[in-house]
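Engineer: Assemble chain B onto chain A, guided by the hints.
Those sequence lines, one after another, are chains A and B.
Residue 10 is where the first sequence starts when you use my numbering, and the numbers rise one by one after that.
Residue 10 is where the second sequence starts when you use my numbering, and the numbers rise one by one after that.
Errors might be hidden in some of the hints.
What the hints assert, rightly or not - Below, computed lysine-lysine pairings styled on DSSO-like, alpha-carbon distance capped at 27 Å: (1) B:K124 / A:K85; (2) A:K85 / B:K46; (3) B:K124 / B:K85; (4) A:K85 / A:K46; (5) B:K124 / A:K46; (6) A:K85 / B:K85; (7) A:K46 / B:K46; (8) B:K46 / B:K85.
To be clear, the hints were calculated from the coordinates, so they are not data collected in a lab.
2 protein chains.
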Amino acid sequence: MSPPGSRGKVAVATLDRPEATHTCCPHFHQAVELVGKRWTGAILYVLMHQRGSMRFSEIAHSVPDLSDRLLSERMKELEAHGIVERRVSDTAPARVEYELTARGRELAPALNELKAWADRYLID
Amino acid sequence: MSPPGSRGKVAVATLDRPEATHTCCPHFHQAVELVGKRWTGAILYVLMHQRGSMRFSEIAHSVPDLSDRLLSERMKELEAHGIVERRVSDTAPARVEYELTARGRELAPALNELKAWADRYLID
Numbered sequence: 010m011s012p013p014g015s016r017g018k019v020a021v022a023t024l025d026r027p028e029a030t031h032t033c034c035p036h037f038h039q040a041v042e043l044v045g046k047r048w049t050g051a052i053l054y055v056l057m058h059q060r061g062s063m064r065f066s067e068i069a070h071s072v073p074d075l076s077d078r079l080l081s082e083r084m085k086e087l088e089a090h091g092i093v094e095r096r097v098s099d100t101a102p103a104r105v106e107y108e109l110t111a112r113g114r115e116l117a118p119a120l121n122e123l124k125a126w127a128d129r130y131l132i133d
Numbered sequence: 010m011s012p013p014g015s016r017g018k019v020a021v022a023t024l025d026r027p028e029a030t031h032t033c034c035p036h037f038h039q040a041v042e043l044v045g046k047r048w049t050g051a052i053l054y055v056l057m058h059q060r061g062s063m064r065f066s067e068i069a070h071s072v073p074d075l076s077d078r079l080l081s082e083r084m085k086e087l088e089a090h091g092i093v094e095r096r097v098s099d100t101a102p103a104r105v106e107y108e109l110t111a112r113g114r115e116l117a118p119a120l121n122e123l124k125a126w127a128d129r130y131l132i133d
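Looking at chain A on its own, in the form it has when it is part of the complex (with noise of 0.2 Å):
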């Protein structure tokens, strides 16, 4: 644990409640906003619940609405950041295919933890 005020945490005690610290934490920030960016989440959902590699074209039809060149930008980012491998077969014509690494594989309970909270709240 840092101390209040150390590089990339903000801490707060109030005058009138001098026992309120809080921090907020960068690393947790990054992750959230990460996961959480528009189509990320349902990429991520449909990789995670898939047996091996996905080829561009699944992951585009499982995910509806999501256009071609979002989902490439999107899968550029996952790849950046460790999160999702892409590998390119040496036959010919090449094949391209996505798959979840380590790294990726470990945010599934994160995201079961938010698929069974929306299962019970976000009703129809």
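Structural biologist: This is chain B only, laid out in the frame that chain A set:
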């Protein structure tokens, strides 16, 4: 579990990989984009780690770089989704405080799992 093709679900079985059937759940999608909306995760994190209610200014100080205008917008969204309760005291001057509802507190397992993932993988 809804059958493939039921309302709000999209199922895909590609011709060359007929076993590949994936669905992308609208409830989950809605939840992940709600929690991951810019600043919302950080606000929930701060409220989750607070015993009892928080004043607007306390939340504002605990989430750096977030404008009052945007914080106000986010609090209204969270209130509309039944995740946060807004209370106004009958004192003068009136005191406005925010607290997570039961529904909001039940996001804790998902957010804690995401925090654990972030602490493991998002290193400075």
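Engineer: If you draw a straight line from the CA of A:K46 to the CA of B:K46, is it 27 Å or shorter?
Structural biologist: At roughly 7 Å apart (the allowed maximum being 27 Å), B:K46 and A:K46 satisfy the hint.
Engineer: Verify the proposed pairing of A:K85 with B:K85, using a straight-line Cα cut of 27 Å.
Structural biologist: Given that 27 Å is the threshold and the Cα spacing comes to 33 Å, the pair is violated.
Engineer: Hint check: B:K46 vs B:K85, CA-CA at most 27 Å. Holds or violated?
Structural biologist: holds (13 Å)
Engineer: If you draw a straight line from the CA of B:K124 to the CA of A:K85, is it 27 Å or shorter?
Structural biologist: holds (23 Å)
Engineer: Hinted pair, alpha-carbon criterion (27 Å max): A:K85, B:K46. Please report holds or violated.
Structural biologist: Holds - the C-alpha atoms of B:K46 and A:K85 are around 20 Å apart, at most 27 Å.
Engineer: Between the alpha carbons of B:K124 and B:K85, is the straight-line distance 27 Å or under?
Structural biologist: holds (25 Å)
Engineer: Please work out if B:K124 and A:K46 have their alpha carbons no farther apart than 27 Å.
Structural biologist: Between B:K124 and A:K46 the Cα gap is close to 16 Å, so the pair holds against 27 Å.
Engineer: Mind checking the alpha carbons of A:K85 and A:K46 for me, to see if they're no more than 27 Å apart?
Structural biologist: Holds: A:K85 and A:K46 sit about 13 Å apart, inside 27 Å.
Hint compliance for this structure: hint 6 is the single one not met.
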